[in-house]
Amino acid sequence: MTREEAGAEDGSASVRPSARRERAGPTRWLERHAIGLLGAATVVVLAVVFYYPVLTVFADAVRVGGEWTGEVVGEVLTDPFYFGLLAPIFGGEFGAVGEVAAESPLGLFGFTAYQALLSTVASVALGLPGAYVLSRYEFPGRRTLRSLTILPFVMPSIMVAIGFVAFFGTNGPLNDLLALVGLGPVNLLFTLEAIVVAHAFYNAPLVARVTTAAWESVDARMVETARSLGANPWYAFRTVLAPQLLPAVLTGALLTFVFTFMSFPIVLALGGFQLATVEVWVYSLVQELEYAEAATLAVAETVVSLALTYAYLRYEARQSGGGRAANPPPRKRLVPDSPSPLDALERLGVAAYAVVVAVVFVGPIASMVAESVTGPSGFTLQYYEFLVRRQVEGASFQTKPGVAVRNSVLFGVATLLVALPMGVTVSVLTARGGRKTRLADAAAMAPLAVSGVVVGLGMLRGLVFGVEVWGHRLQVTGPVAIVAAHGVAAYPFVVRNVAPLLGGVDRSVVESARALGATRVRALLDVELPLVASGVAAGAAFAFAISIGEFDSTVILATGSSSYTMPVAVERYIGNRTLGPATAMGTVLLFVTSLSFVVVDRLGGRWEV
Amino acid sequence: MKRRTVLKRGGAVGIVGLAGCIGGGSGGQETTTDGTTTPAETTTEETATETTEETETTETTEQSLSGTLKVATYSSFVDAPSSSPGPWLKKEFEKRHPDVTVKYETPDNEVNYYIQQAAQGVDVDADVYVGLNVEHLIRIDEKLGQQALFAPMADQLSNYGHVKEGLKFDPQQRAIPYDTGYISLVYDGTEVEQPPTTFDDLLKSRYEGDLIVQNAKTSATGRAFLLWTINTLGEDQYLDYWTKLEENGVKLLGTWDEAYTAWENGEAPMVVSYSTDQVYANRYDQNMEKHQVGFLNEQGYANPEGMAKFADTDTPELAAAFMDFMLGQQAQGEIAVRNVQFPATDWADLPAEFEKYAKEPENPVTFTYDELQGNLDGWVDSWARQIAGGR
Numbered sequence: 001m002t003r004e005e006a007g008a009e010d011g012s013a014s015v016r017p018s019a020r021r022e023r024a025g026p027t028r029w030l031e032r033h034a035i036g037l038l039g040a041a042t043v044v045v046l047a048v049v050f051y052y053p054v055l056t057v058f059a060d061a062v063r064v065g066g067e068w069t070g071e072v073v074g075e076v077l078t079d080p081f082y083f084g085l086l087a088p089i090f091g092g093e094f095g096a097v098g099e100v101a102a103e104s105p106l107g108l109f110g111f112t113a114y115q116a117l118l119s120t121v122a123s124v125a126l127g128l129p130g131a132y133v134l135s136r137y138e139f140p141g142r143r144t145l146r147s148l149t150i151l152p153f154v155m156p157s158i159m160v161a162i163g164f165v166a167f168f169g170t171n172g173p174l175n176d177l178l179a180l181v182g183l184g185p186v187n188l189l190f191t192l193e194a195i196v197v198a199h200a201f202y203n204a205p206l207v208a209r210v211t212t213a214a215w216e217s218v219d220a221r222m223v224e225t226a227r228s229l230g231a232n233p234w235y236a237f238r239t240v241l242a243p244q245l246l247p248a249v250l251t252g253a254l255l256t257f258v259f260t261f262m263s264f265p266i267v268l269a270l271g272g273f274q275l276a277t278v279e280v281w282v283y284s285l286v287q288e289l290e291y292a293e294a295a296t297l298a299v300a301e302t303v304v305s306l307a308l309t310y311a312y313l314r315y316e317a318r319q320s321g322g323g324r325a326a327n328p329p330p331r332k333r334l335v336p337d338s339p340s341p342l343d344a345l346e347r348l349g350v351a352a353y354a355v356v357v358a359v360v361f362v363g364p365i366a367s368m369v370a371e372s373v374t375g376p377s378g379f380t381l382q383y384y385e386f387l388v389r390r391q392v393e394g395a396s397f398q399t400k401p402g403v404a405v406r407n408s409v410l411f412g413v414a415t416l417l418v419a420l421p422m423g424v425t426v427s428v429l430t431a432r433g434g435r436k437t438r439l440a441d442a443a444a445m446a447p448l449a450v451s452g453v454v455v456g457l458g459m460l461r462g463l464v465f466g467v468e469v470w471g472h473r474l475q476v477t478g479p480v481a482i483v484a485a486h487g488v489a490a491y492p493f494v495v496r497n498v499a500p501l502l503g504g505v506d507r508s509v510v511e512s513a514r515a516l517g518a519t520r521v522r523a524l525l526d527v528e529l530p531l532v533a534s535g536v537a538a539g540a541a542f543a544f545a546i547s548i549g550e551f552d553s554t555v556i557l558a559t560g561s562s563s564y565t566m567p568v569a570v571e572r573y574i575g576n577r578t579l580g581p582a583t584a585m586g587t588v589l590l591f592v593t594s595l596s597f598v599v600v601d602r603l604g605g606r607w608e609v
Numbered sequence: 001m002k003r004r005t006v007l008k009r010g011g012a013v014g015i016v017g018l019a020g021c022i023g024g025g026s027g028g029q030e031t032t033t034d035g036t037t038t039p040a041e042t043t044t045e046e047t048a049t050e051t052t053e054e055t056e057t058t059e060t061t062e063q064s065l066s067g068t069l070k071v072a073t074y075s076s077f078v079d080a081p082s083s084s085p086g087p088w089l090k091k092e093f094e095k096r097h098p099d100v101t102v103k104y105e106t107p108d109n110e111v112n113y114y115i116q117q118a119a120q121g122v123d124v125d126a127d128v129y130v131g132l133n134v135e136h137l138i139r140i141d142e143k144l145g146q147q148a149l150f151a152p153m154a155d156q157l158s159n160y161g162h163v164k165e166g167l168k169f170d171p172q173q174r175a176i177p178y179d180t181g182y183i184s185l186v187y188d189g190t191e192v193e194q195p196p197t198t199f200d201d202l203l204k205s206r207y208e209g210d211l212i213v214q215n216a217k218t219s220a221t222g223r224a225f226l227l228w229t230i231n232t233l234g235e236d237q238y239l240d241y242w243t244k245l246e247e248n249g250v251k252l253l254g255t256w257d258e259a260y261t262a263w264e265n266g267e268a269p270m271v272v273s274y275s276t277d278q279v280y281a282n283r284y285d286q287n288m289e290k291h292q293v294g295f296l297n298e299q300g301y302a303n304p305e306g307m308a309k310f311a312d313t314d315t316p317e318l319a320a321a322f323m324d325f326m327l328g329q330q331a332q333g334e335i336a337v338r339n340v341q342f343p344a345t346d347w348a349d350l351p352a353e354f355e356k357y358a359k360e361p362e363n364p365v366t367f368t369y370d371e372l373q374g375n376l377d378g379w380v381d382s383w384a385r386q387i388a389g390g391r
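Heads up: the protein sequence lines correspond to chains V and R, in order. Residue 198 in this note's numbering is what sits at position 198 of the first sequence, and the numbering runs on without skipping anything. Residue 152 in this note's numbering is what sits at position 152 of the second sequence, and the numbering runs on without skipping anything.
Wrong hints could be hidden among the right ones.
[Unchecked claim] Here are the simulated lysine-lysine pairs, DSBU-like style, with alpha carbons at most 35 Å apart: (1) R:Lys70 - R:Lys290; (2) R:Lys164 - R:Lys356; (3) R:Lys103 - V:Lys400; (4) R:Lys204 - R:Lys244; (5) R:Lys95 - V:Lys400; (6) R:Lys70 - V:Lys400; (7) R:Lys164 - R:Lys91; (8) R:Lys91 - V:Lys400.
[Stated by the list, open to error] Pairwise CB distance ranges, derived in the manner of DEER restraints: (9) R:Gln386 - V:Ala231: 55 to 61 Å; (10) R:Tyr284 - V:Val43: 51 to 57 Å; (11) R:Lys91 - V:Ala351: 55 to 61 Å; (12) V:Pro185 - R:Glu355: 37 to 43 Å; (13) V:Gly375 - R:Gln386: 36 to 42 Å; (14) V:Pro329 - R:Gln120: 55 to 61 Å; (15) R:Gln120 - V:Ala125: 45 to 51 Å; (16) R:Gln146 - V:Phe94: 41 to 47 Å.
[Said to hold, decoys possible] Output of the computed footprint for chain R on chain V, the stretches with three or more beta carbons under 8 Å from beta carbons of chain R: (17) 163-170; (18) 552-561.
Source of the hints: derived by calculation from the structure; they are not laboratory data. Backbone N, C-alpha and C define an ideal beta-carbon position, used for all residues, glycine too.
Same shape as in the complex, but just chain V:
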């Protein structure tokens, strides 16, 4: 149906060879080879700031004291503490399965996957209604709200922990409120539930943002067609709309699982050591310089994450190619003109959802901000005064807030400029391929699937310490390295936001443009990207957010220079018995980031329909 509608110029495909006119000159050459060049550049950047450093660490798993050995890997894989039931199976001792099942059936990996699964379910459950409201309703401040959804994503874990402990604590505002209505007290902290809710705090916005982008580019005419053919609304949604949204929802779920599978500071701060994850072990093993074991665990984490990613990509490949154009249905108003009972019920649901959002998101963030103006004896601005004083009087070896803000914004914008072309290029190159392309696509997702602790360690060894080449030590540090590292961490988000939508674009439109003489890049810029603008905008927002929030590699690459960013400053302002200055800096981060998101979204919004 859509194929005919969208592909108005379909017939021109047959005249492709004769219609292509060649223009001479370097610009033309560059334009023709742009995709290839960008692809090559992406590979080089990935190799230098990701694959090389990370592989130097991974190699430790099988190289101990200069000797190749599989001993440590074997020990880890057959250790029930790590792999539970799988350990005797890996070891080929099937008789021991029963014994292990009684003692530690899940093992550290099993438990980690279990909590990640719960967190993913919670994040999707919390994120989907948000996507629905943001994409289907029109209300004042909708765009701003959509820009801000991504905010929790960038918050340093220490801030989230402070906010959660303050808000959900025994003596926190939530319990005060519950007491007012005769409920509670609720003891949420230091439980698995606390971890799951905190993970949902981080990742539900991600699910919401990705799904909103997809929802805003659905083809509503297909629904209309289905309805006109007699389908009831629910049936039309299930058979026509849901398949268009499912890839995005699953993308969000996949990313959430991968993130929460490798979660670490939040787990320790809000759950406690009894609920430790694999990443906690990786971290402490690296601290103890036990690299072989740490690397083995990190590789296992990556294998799990990448296997899931690959499985997802196979699914995604089967879904794409439907061929449709962005044509979202009109938005509803919060207060309908002529309310039906069904409308009223739906608005009631939206209101209930708003309450949940207030508790899970607004509460902890507000508590965190409140902490920044609360001293030992009540309201105070002393922590902000500290920030100002440090900016004005701070010694050269101390961290200045202004420098951190400037760096964060600059790096964020630079990351955007690096990650967008990288992500779009990878999306184009891996679109519509066979198994090999899917493998390449999965490999391109690797920056998401490697433990942050290991990435940091690899950066330290491979880039900060450098490599000796012909008597010169080549080091890669400072702003350029940081932006490259952020770009690498961020571009998978661009890919995952753009690729599924790009896959849905009608090929005939692109082919027509090509037939009329447009280069691949022209067709991409003028035809395809505008069609998937909402995905590009979401990818851009994520790229900026990743850069703002990145900690592991930034803190390593900024060592000994003044290239530190806001999250690094937050960490450094943690004082003995006073988190005040850190929360003040965290509030600055919150403010600067909110402002930037609104600006980025407004600028990007000019693209959108």
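Given chain V, put chain R in place with the hints provided.
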């Protein structure tokens, strides 16, 4: 006059030569852990002290040290918003030695950064490391073997004689203690009427869910508390003890900050922390009743912090002068007050407030290097697997 000439030529090494004699040739590993000092030695030490003090005051114009000293340390030593000692030390040392510049380096990985550099064959650029503990030394010796990251130093420091015997944690005398904390309980006196006084008390149902401890895998205080239980209950008993502690609802959080914040917010009335807690409480005008310090078995686990000279430094005199300065009377007082830790020496200038509110345990306990070596990883690992395992 003669002394000054020596100083001028050899810098700190001059004084150091003398201090070296005093130490009674304590190059061997045993003598340092052995706490006995003969009266004769003590007298010489005191004489040496007086001379040094004299030198310290006139030094400003007499010294001949110059150059840049790179001091590596953990970031809160120089950058924390409370009153970190770093900036004061730099200012004061540079005032005494106008031709010297102190440069701080605070890599995120702290001492691991330098261990890795050494392991990878990268030149270590720093001269002095501030912030070592006994576990770092064990790790260094385990991972680097014969490759020396730090060089022995004690016999070159004129103030070394003032370092408290029980705090010297490096048998090879590379790491020189400059301050120490005592791990203890801190409890809210308005909630806990009858504080626990023994480890066994903590298992009583009266204290169920009342204690927050840091995780020994990721936090120094948590690790100290774990070692304290091993020290007190023994290698064979401590795991059982922890099983019971868990059954009694102990909360194990990742870092000291997290644990202390949770305690301050009233999530539990007792937390493992430092015995200097009231110094802070007093500084921030807190209700003292809410900041009570409790020792278990009348003990506190000592967690001394040390400094060491990098083996490859090209300014050993400057490094020695800085370290000697850190052990000086005035600096010892300043470090203690700013870091809110106890001085590691017997002669620090401490304000009366500090003396009043900093509580010292009756019996400070700690494991020595030799006791920990070869055992530490196993002890902590068994504990960690017990806590996080079984699921």
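> Honestly, which of those hints from before does the structure not fit?
Replying inline: Hint 1 is the one this structure does not satisfy, whereas the remaining hints hold.
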